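Keeping their order, the protein sequence lines are chains G and X. Residue numbering for the first sequence follows UniProt numbering, starting at 1 and increasing by one per position. Residue numbering for the second sequence follows UniProt numbering, starting at 1 and increasing by one per position.
Certain hints may be false.
Below, a list of computed lysine to aspartate or glutamate pairs in the EDC-like style, where the Cα atoms sit at most 16 Å apart [what the hints assert, rightly or not]:
id : chain 1 : residue 1 : chain 2 : residue 2
1  : X       : Lys27     : G       : Asp128
2  : X       : Lys27     : G       : Glu167
3  : X       : Lys38     : G       : Asp128
4  : X       : Lys53     : X       : Glu105
5  : X       : Lys43     : G       : Asp128
A few chain G positions that, by computed beta-carbon distances, are all more than 10 Å from chain X [what the hints assert, rightly or not]:
id : residue
6  : Gly65
7  : Lys78
8  : Arg82
9  : Lys92
10 : Lys116
11 : Asp121
12 : Gln126
13 : Gly139
14 : Pro149
15 : Leu160
16 : Leu165
17 : Glu167
Since the hints were derived computationally from the structure, they do not count as laboratory data. Predicted model, so just to flag it, every value in this text is computed and none were measured. Quick reminder that beta carbons are idealized off the backbone N, C-alpha and C, glycines included.
Each chain, written out:
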Amino acid sequence: MAAFLRSKCPSVGRTLMGSLGNSLFGAANSSVEAVARPSHCDAISQQIRTFIQMRTNLKVVDNSGAKRVMCIQSLRGKKGARLGDTIIGSVKEAQPRGKVKKGDVVYGVVVRAAMKKGRSDGSEVQFDDNAIVLVNNKGELIGTRVFGPVPHELRKKKHLKILALAEHIV
Amino acid sequence: MRLEKCWFCSSTIYPGHGIQFVRNDAKIFRFCRSKCHKNFKMKRNPRKVKWTKAYRQLHGKDMTKDTTFEFERKRNRPERYDRNLTEQTLKAIPLITKIRHDRLEKHISNRQKPGKRKEMEKDSKELDQDIGMLPKKLISNELAAEKTKVKVKVVQQQTEDNAMEE
Chain G
1 MAAFLRSKCP
11 SVGRTLMGSL
21 GNSLFGAANS
31 SVEAVARPSH
41 CDAISQQIRT
51 FIQMRTNLKV
61 VDNSGAKRVM
71 CIQSLRGKKG
81 ARLGDTIIGS
91 VKEAQPRGKV
101 KKGDVVYGVV
111 VRAAMKKGRS
121 DGSEVQFDDN
131 AIVLVNNKGE
141 LIGTRVFGPV
151 PHELRKKKHL
161 KILALAEHIV
Chain X
1 MRLEKCWFCS
11 STIYPGHGIQ
21 FVRNDAKIFR
31 FCRSKCHKNF
41 KMKRNPRKVK
51 WTKAYRQLHG
61 KDMTKDTTFE
71 FERKRNRPER
81 YDRNLTEQTL
91 KAIPLITKIR
101 HDRLEKHISN
111 RQKPGKRKEM
121 EKDSKELDQD
131 IGMLPKKLIS
141 NELAAEKTKV
151 KVKVVQQQTE
161 DNAMEE
């Protein structure tokens, strides 16, 4: 139904569509939009990725002890955080012996985002998942290692320590 | 600036086009347009998708071994700037592209030649054997046309002889 409406009125804004299809989707800022006819593709492969906002679950990719963090506030942007931004999160899952434990409120820097980020040469990058690295409120890393690829957008944001510890810079 | 190749269809990606997808094992997939990107997300194998270069080269539709491909090999070592070298390279690039294109066309037409000959043989065989399938009216018209053709030729020769005599 939502797809049919969308095809009929292309100029209507996304938030309006979201509110119209509220009963179907259940969230105002939906990050999953099904295609009119998914055919044999999963709904997952047709997802339109959006910002990192409140209640977004992120993977923690350092050895600070936390495993999953839920975003409670994005420190930049009205719509949410993107690649390279800092967020405040609540630790939802942690390793038993680590520097942080479950329920802690922590700061984190987004190092991988499933949403496309435009680069100055015109290209766009997107990663496979949403991942953060825990940081204290001054910006210093809590952990001592960073796993997985990391974008060089962090250099502009002055997160040079993360770049130094990274396995692979994209 | 570097011209990349699309992971799915192997076409060149010019600056400002396409999307790079970085997997968690740090492998980068570059796509020239959303068509290739969506096919990748559907987990399609480019070697099985008919319009990609990978399929065409695998199934012998496009040429695979050629010296012109050697010019495009990825070189990670930067060259010291030499104005003459740069000028010559820029002049050579369209020439190489043209040669590669011509060789590719020749490869394709060579590939299609035996098929054309087979078709002609089939057609001539059909004319010999199955001429009776055509309606009688059409056949008789054809034979009449042939006969008249022959007649006209003879008349022309006679007038020519007369002219020669006089």
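Here is what the structure says about each hint:
1. X/Lys27 <-> G/Asp128: Holds - the C-alpha atoms of G/Asp128 and X/Lys27 are around 11 Å apart, at most 16 Å.
2. X/Lys27 <-> G/Glu167: holds (12 Å)
3. X/Lys38 <-> G/Asp128: holds (14 Å)
4. X/Lys53 <-> X/Glu105: At roughly 15 Å apart (the allowed maximum being 16 Å), X/Glu105 and X/Lys53 satisfy the hint.
5. X/Lys43 <-> G/Asp128: The hint holds at about 14 Å.
6. Gly65: holds (20 Å)
7. Lys78: holds (25 Å)
8. Arg82: Holds, since 15 Å exceeds 10 Å.
9. Lys92: Holds, since 20 Å exceeds 10 Å.
10. Lys116: violated (6 Å)
11. Asp121: Answer for G/Asp121: violated, closest chain X Cβ roughly 6 Å.
12. Gln126: violated (6 Å)
13. Gly139: holds (24 Å)
14. Pro149: violated (4 Å)
15. Leu160: holds (20 Å)
16. Leu165: holds (15 Å)
17. Glu167: Given a closest Cβ separation of 7 Å, the condition is violated.
Consistency with the previously given hints fails for numbers 10, 11, 12, 14, 17, ordered from lowest to highest.
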